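Dock chain one against chain two, each of which comes alone in its own frame, and use the hints as you go.
Protein chains in written order, with our numbering: chain A, 20 to 560; chain B, 41 to 363.
Rather than coming from a laboratory, the hints here were simulated on the basis of the structure. Predicted model only: the values in this text are computed from it and were never measured. Hints should not be assumed to be uniformly reliable.
SDA-like mimics (lysine to any residue), calculated; alpha carbons at most 25 Å apart, straight line [claimed, not checked]:
hint: 1; chain 1: A; residue 1: Lys96; chain 2: A; residue 2: Ala383
hint: 2; chain 1: A; residue 1: Lys238; chain 2: B; residue 2: Arg268
hint: 3; chain 1: A; residue 1: Lys364; chain 2: A; residue 2: Arg380
hint: 4; chain 1: A; residue 1: Lys238; chain 2: A; residue 2: Arg219
hint: 5; chain 1: A; residue 1: Lys170; chain 2: B; residue 2: Ala91
hint: 6; chain 1: A; residue 1: Lys170; chain 2: B; residue 2: Ala90
hint: 7; chain 1: A; residue 1: Lys96; chain 2: A; residue 2: Arg219
hint: 8; chain 1: A; residue 1: Lys96; chain 2: A; residue 2: Asn141
hint: 9; chain 1: A; residue 1: Lys364; chain 2: A; residue 2: Ala381
Here are a few chain A residues that face chain B, going by a calculated C-beta distance under 7 Å [unchecked claim]:
hint: 10; residue: Thr57
hint: 11; residue: Leu138
hint: 12; residue: Asn141
hint: 13; residue: Pro142
hint: 14; residue: Val144
hint: 15; residue: Pro197
hint: 16; residue: Ala201
hint: 17; residue: Ala250
hint: 18; residue: Asp251
hint: 19; residue: Leu260
Even for Gly, the Cβ is constructed at its ideal location relative to N, Cα and C.
These are the residues of each chain, in order.
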Amino acid sequence: MQMTRVLSLLTLLPLATATLTAQHPGGTVVYASGQEPTLPLPVIGQGQGNADVADQLFLRLAVLTPPYRTAGDNALKPMLASAWHRVDARTIDFTIDPRARWQDGVPVTAHDVVFTWSLETNPAVNSDQATLEPIASVAETGPRTVRVTFKRPFSEQLYLFAFGMQPLPAHLLERVRPDSIATSAFAQHPVGDGPFRFERRVPGQLVELRADSTFFLGKPAIGRVLFTYIADATARLNQLLTGQTDVMDNVAPTMADQIQAHADLRFVTAPSSTLIYALFNTRSSTDTAAPNPRLADPRVREALLLALDRDALARSAFGQAARVPEAAQSQLWGWITTGTTVGVKQDVARARALLAAAGWRAGADGTLARNGVPLALTLIYPSTSGARHTIAVAAQQMWQAVGVHVELEPAAFDAYQARRHSGQWDIDLAAVMQDASPATLVESWSCAAAHQAASSNVARWCDPEFDRLLHAATTAPDPVPAWRAVLARMTSQHPAIFLAAPVNLVAVNTRYDNVAVLPVRQWLALWQWRVRPGAELARDR
Amino acid sequence: MSGWLLRRTASAIATALAAAAVLFVLVHYLPGDPLAAVLRDRPATPDVLAALRQRWCVDCSLPHSFARYFGALAHGDLGPSPSENRPVAMVLAEHLGPTLLLGALTLLIDFTVGLALGLWAALRPQSRAARMVSALSIAGYAIPAFVVGMILVWLFAVTLGWLPPGAIADPLLPADAPTMTVLFDRLRHLILPLATMVIATIAVPLRQQRAAVLAVAAEPWVLAARARGVPPLAVAWRHCWRPALTPVVTLLGLWLPMLVAGTVFVESVFAWPGLGSLIATATEDHDVPLVMGAGLLLIVMVQLGSLIADLLYRVVDPAQRAA
Numbered sequence: 020m021q022m023t024r025v026l027s028l029l030t031l032l033p034l035a036t037a038t039l040t041a042q043h044p045g046g047t048v049v050y051a052s053g054q055e056p057t058l059p060l061p062v063i064g065q066g067q068g069n070a071d072v073a074d075q076l077f078l079r080l081a082v083l084t085p086p087y088r089t090a091g092d093n094a095l096k097p098m099l100a101s102a103w104h105r106v107d108a109r110t111i112d113f114t115i116d117p118r119a120r121w122q123d124g125v126p127v128t129a130h131d132v133v134f135t136w137s138l139e140t141n142p143a144v145n146s147d148q149a150t151l152e153p154i155a156s157v158a159e160t161g162p163r164t165v166r167v168t169f170k171r172p173f174s175e176q177l178y179l180f181a182f183g184m185q186p187l188p189a190h191l192l193e194r195v196r197p198d199s200i201a202t203s204a205f206a207q208h209p210v211g212d213g214p215f216r217f218e219r220r221v222p223g224q225l226v227e228l229r230a231d232s233t234f235f236l237g238k239p240a241i242g243r244v245l246f247t248y249i250a251d252a253t254a255r256l257n258q259l260l261t262g263q264t265d266v267m268d269n270v271a272p273t274m275a276d277q278i279q280a281h282a283d284l285r286f287v288t289a290p291s292s293t294l295i296y297a298l299f300n301t302r303s304s305t306d307t308a309a310p311n312p313r314l315a316d317p318r319v320r321e322a323l324l325l326a327l328d329r330d331a332l333a334r335s336a337f338g339q340a341a342r343v344p345e346a347a348q349s350q351l352w353g354w355i356t357t358g359t360t361v362g363v364k365q366d367v368a369r370a371r372a373l374l375a376a377a378g379w380r381a382g383a384d385g386t387l388a389r390n391g392v393p394l395a396l397t398l399i400y401p402s403t404s405g406a407r408h409t410i411a412v413a414a415q416q417m418w419q420a421v422g423v424h425v426e427l428e429p430a431a432f433d434a435y436q437a438r439r440h441s442g443q444w445d446i447d448l449a450a451v452m453q454d455a456s457p458a459t460l461v462e463s464w465s466c467a468a469a470h471q472a473a474s475s476n477v478a479r480w481c482d483p484e485f486d487r488l489l490h491a492a493t494t495a496p497d498p499v500p501a502w503r504a505v506l507a508r509m510t511s512q513h514p515a516i517f518l519a520a521p522v523n524l525v526a527v528n529t530r531y532d533n534v535a536v537l538p539v540r541q542w543l544a545l546w547q548w549r550v551r552p553g554a555e556l557a558r559d560r
Numbered sequence: 041m042s043g044w045l046l047r048r049t050a051s052a053i054a055t056a057l058a059a060a061a062v063l064f065v066l067v068h069y070l071p072g073d074p075l076a077a078v079l080r081d082r083p084a085t086p087d088v089l090a091a092l093r094q095r096w097c098v099d100c101s102l103p104h105s106f107a108r109y110f111g112a113l114a115h116g117d118l119g120p121s122p123s124e125n126r127p128v129a130m131v132l133a134e135h136l137g138p139t140l141l142l143g144a145l146t147l148l149i150d151f152t153v154g155l156a157l158g159l160w161a162a163l164r165p166q167s168r169a170a171r172m173v174s175a176l177s178i179a180g181y182a183i184p185a186f187v188v189g190m191i192l193v194w195l196f197a198v199t200l201g202w203l204p205p206g207a208i209a210d211p212l213l214p215a216d217a218p219t220m221t222v223l224f225d226r227l228r229h230l231i232l233p234l235a236t237m238v239i240a241t242i243a244v245p246l247r248q249q250r251a252a253v254l255a256v257a258a259e260p261w262v263l264a265a266r267a268r269g270v271p272p273l274a275v276a277w278r279h280c281w282r283p284a285l286t287p288v289v290t291l292l293g294l295w296l297p298m299l300v301a302g303t304v305f306v307e308s309v310f311a312w313p314g315l316g317s318l319i320a321t322a323t324e325d326h327d328v329p330l331v332m333g334a335g336l337l338l339i340v341m342v343q344l345g346s347l348i349a350d351l352l353y354r355v356v357d358p359a360q361r362a363a
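Just chain B, same shape as in the assembly (with noise of 0.2 Å):
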């Protein structure tokens, strides 16, 4: 197992290395000023254009810059963020909390609440109320996740007035209020991004789910299980279950990065301060490091994701562990 997990990490490493090499290049080649995240429109004078470009690199050739960057980023250096006018490693760190707050509950009720809906509705394919459970999951998987965000804002904040229409925590509450206190706040701020994420996003585990015990459930052990009378909660739990988890587990490893960039929009919505905004902030003022170092925590969370999946895998799948 260690042997394996070494060369696994190795691997993952690798991959890294090459897609944050790949992006590089990529960004290096991306049209638009370079220096219009520091000059924002205003004059410069030649000597002070001249320094800023080689200050940031501008003429540099790209096996140049490329050295330039990978060599500081060995040392743990992501650079400065020219628009932030500071550290880009401090600009990520302060926007990562709220990212994976929301993106871990998402995919924490996802893969439990969803997960528990695929296989109920999947062990009653015929009844109504599953029907009605899988119809209403993919209602909220068409429609647009920044649609879902303003209606429940026009509905429950602005309309009834019983949540706060976004931001993560109440700017009026003192910095020394009671941890219970806080955390009710932190509560009210996530139910409607975290019900918005949750409605977009909650279809595609559960259809999976329902689907894969579907199959297996036509499976012979299940219909020997079923002849030998084994209860119907022990035949679910036992024979469908475990079998049908391996495609739910490649989509929780395809799903780990979706933590970090998939919540852009609903963010923009609920002024939730995570790094989909910021990536789109980045994007938009040309700020090649900033939108660089996002792009680095992007592929590491592919990784990850990708990593943990794989270790899912052995644990759900006893074939593996042999491999």
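Excised from the complex, chain A in its bound form (with noise of 0.2 Å):
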């Protein structure tokens, strides 16, 4: 009986607090992020929780529009800058809007970009120089005008420069020492520019935004935005079941079937960054100067890639809306190759006939060898990632069927990079989040970053016909067709097998209109999100 009582009490605690939740016009929106939002500023805060929060109050020049394409100079929608004009091969004028404020009621400037970019440049403050190292010069020529030089012509100048840039206010942070500024007061309660005002942060649970009523491109639908912490995917799913949160975002597959039972849920999906293959170390893993004496043949990675049932691995680890890519290319470069790849699928009779043709045979115990030497190779992976495991699993049985014997080696995070960038490994199972831009192919597969010692390029894979056709792609004026010889010349060498690019599946609660989510900066449109009329919850009204 007593029990019983208790436990009515702690039901009847809720309606306690709810009644003196904060009214919020316009309807709230609860993101539970996988990381914390501790310095949501742009160049200063690293990190997607900072980088989610900061796309709120900070806005951009320009931004992508669908179908993303990154390449000319109408690929992108005005923000900050209401236009820009083109000079000449190597300079682009930009204009901001007028009307943009700064939530202390201050103009945004030309100065503004300036100062930011002085930030950009500054190797204390922003280590990822390599990205403006296209970028020459950036100068006001006007109040709201602003010149930007580059070294050399190529087709992804605006989307470099506009897409970028996030200006932070010059007239509070040119006086504070530029390494100093995370530990500012402005870090603490940031003034931007963009459709929602910073608010509170919570230590370790939130950072709350409210919408700028008086924002320039028209006022947010949204009243206020929760980004709260919680860095466990099941503590996440858990909390949008319960109605704690509106949006889950990278919805593993093995989480869906709930979210799809759950009648106040759907799902929204866009196009996600991630590229899953396994890389082939043509080098050989004891003496990473000499050749790999089993992968260093062409034949024996086209026998490896046509072993496996690629869409099968792919769906056991991504279900059904991931697609298999035949190179380099997560999902968000579909505005290059849609429509026209052709798919290599498996081929078990061809793989074992380009073995054998690579003189490999049949051993005792079924693994092929050649001159006694087994076709045995070791596959690296992270142990945390469950998806990766999945498909290390299934692959390693494709590959027994032909008689390669894979031996799977799982490693915590740090070790498997520690590992992976030692080279001693034949199979990398890799996963990397591709920037919007095909150009950034160069950090992992162009012989330069080969030749780099700290690059990503880590299998040190080198194709000088790859690098001419990657050089002419980013100069071209018709960029489409450059970049599918791009990668159908990667296809053609098979430096690694490419198993899936997924889509990022979004979970969001049914009360919302006008959801969009996109690919590059996923929560750029949810000032435009709004609760449909007569389903707003407590907290909405």
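So this is what it looks like as structure tokens:
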């Protein structure tokens, strides 16, 4: 009896707190982030959690729109910059929207852009200098006009500068030492120019933003946004299922059924930047200066590709919506190859024939061997990744069926990273988050990256013809066929087996209308979501 | 007493410094890229890479890094966290409170309810209820805490909807909500993680106390007291419980660090914004200064626990005071 009373009291407690919840015309969005937003400032803050909040506070000069093409001068939609025009092949002039204001009322000016550029190019503040290398200078040419000069002509100039630039308020930060901004009062309570104002941050718990009714592009349809911090994906799912949060991104296929069964939730999909692939190490795993005695032969690499049923592997780890790419291409780059690629299907007989042609014969235990050396390979992946473990186990069986023995060597993430950079492996089951720009292929696949000590080209793959095509594509007047040629060359050389390009599966409460989740910076359109009239919850009213 | 306390405190500080030095050496030789937390797989130009290596002392010798770190530590500076881009002390301070709240309440319940149940079970060793309590506590101890947590969340939050599934507070609660509302809200959010922690840990003090009381109950002075007709409660309180406290005090000293580090999985299941999850994330991100700072905090907790245990020994054991 006493227990019943206690439980009754506990069930009444939410009512007590709900009545005190503040009213928010326009509605509320509660989103659980896997990374805590501790420093939501462009340039200064790192990581997804900070960037997601910064996107609501600080406008970019321009944003990508479907199909998210990054090449050309008409690919982006104006935001903070009302217009731009090309002066010559290396110069673009930008005009800041005269209506734009910082949330303290001060106009946004060209000086803010130049000030932010000075922070971006300060290595003490921003370690990502390689991305900015193509930009020669950024100069004020008037109170609201900025001239950007590039070191060379290339087709993604607009994307590189306009999408990457989120100005900070110079009038509030110019007197703060650049390396002290992270601990300044401004960092505790940022003042932006975006659709939402910073309201409060509760360490370890949340960041609350309120709609800025004076936002020059229109009053946000959502009254407030709460970015709560929940590191564990299962805990995020529980929060969503119990109605504590409204949105969950990157839903794993194993969670999809529970969400689908919930009447108040629905799925929205967006192209994901994630790419999963099995990277071949064509250098020896014991002597990284020597060729890999097994994988240097392209016939072996092709045979390993043909042995796999990649559709089944992708589905098993990422559900029906995942695609199987033919090159290092996530779904973000659909504008290059949509409708043109023909996938290589599993062909066990041809895989066996290729291996036989390469001199590998069946040994006593069924594993192929050549000159007494078995065709045995090591495959590394981080033990924390359930998806990659699923793929690794299934792929191991498929390779075994053609006589290739693959030893799975999962490791803690740190140890995995150390090992992949050491070169002591045969196959790396890798996952990357790609940038919207295909030009970033240079970082992981070019000969230049192969020769850099700390580059992400850990396989040291180098194909001069691929490099030539890559260089041509960055300056091509018609970039689509040029990028197709780049990806086709990669496909023909088999530097890796490209396994899955998943979608970003986002679960959203059904009470929202006009929901858009963007592929590169996913919450950029959040200010245009709205709560359907009549569907409001207590926290929306 | 004050002389003893001074000597004991000095010894604790010396031990903590030695442990910190060992920790530093171990962290210095951790495998992995020391710049991983800074670069996060982004490309870096050679000059930026060189600047970063210098800033984070990547190529420094062990003695140089050691002198640099402990020199700053002497001024209370734990350095900046590369993954957070903020001072380590600030990051640790933000996460310490929730962990202490959960850990302290767990300890309080374990060492009040647990000890009481242990004493009660020892005084009725043959009763069915005592054996049941003992068996249930062992079952709770045997099941991993995160499994207990997930079951509780599924039952009380997802299925019944009585309690929130996690977090330390309702994010929708206004910042200026009345104190009582805030307290009720905290209580609701505390129930499931606290219950999980208690279920997973209460068996140890309970069984330790039960075993200690059973051992003491066979001592001649207890038998003599019973023979003199001292009431059973007085025998239990005066003659059994106090002498049986010594092993429990040892346990308390050992458990204080658990306040900080022992809640990793429970914090993860309940999205509790404490140090446990922070340490796990920092390790994953290879954030060496943050791992080192958290390690130092643990060392301090261990020494503090040990010091408190020694102080309590002197309270419960007159022989120690005399020594």
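Taking the hints in turn, this is what the structure says about them:
1. Lys96(A) <-> Ala383(A): It is violated: about 63 Å lies between the C-alpha atoms, which goes past 25 Å.
2. Lys238(A) <-> Arg268(B): The hint is violated at about 85 Å.
3. Lys364(A) <-> Arg380(A): Cα-Cα ~24 Å, so holds.
4. Lys238(A) <-> Arg219(A): Since the Cα atoms of Lys238(A) and Arg219(A) sit roughly 20 Å apart, the hinted pair holds (cutoff 25 Å).
5. Lys170(A) <-> Ala91(B): holds (24 Å)
6. Lys170(A) <-> Ala90(B): holds (23 Å)
7. Lys96(A) <-> Arg219(A): violated (30 Å)
8. Lys96(A) <-> Asn141(A): Measuring from Cα to Cα gives roughly 28 Å; hence the hint is violated.
9. Lys364(A) <-> Ala381(A): Between Lys364(A) and Ala381(A) the Cα gap is close to 24 Å, so the pair holds against 25 Å.
10. Thr57: holds (6 Å)
11. Leu138: violated (13 Å)
12. Asn141: Status violated, d = 10 Å.
13. Pro142: holds (5 Å)
14. Val144: Violated, because the Cβ-Cβ distance from Val144(A) to chain B comes to roughly 9 Å (cut-off 7 Å).
15. Pro197: Constraint on Pro197(A) not satisfied, violated at 12 Å.
16. Ala201: holds (5 Å)
17. Ala250: holds (6 Å)
18. Asp251: holds (5 Å)
19. Leu260: Constraint on Leu260(A) satisfied, holds at 6 Å.
Checked against the numbered hints above, the structure violates hints 1, 2, 7, 8, 11, 12, 14, 15; every other hint is satisfied.
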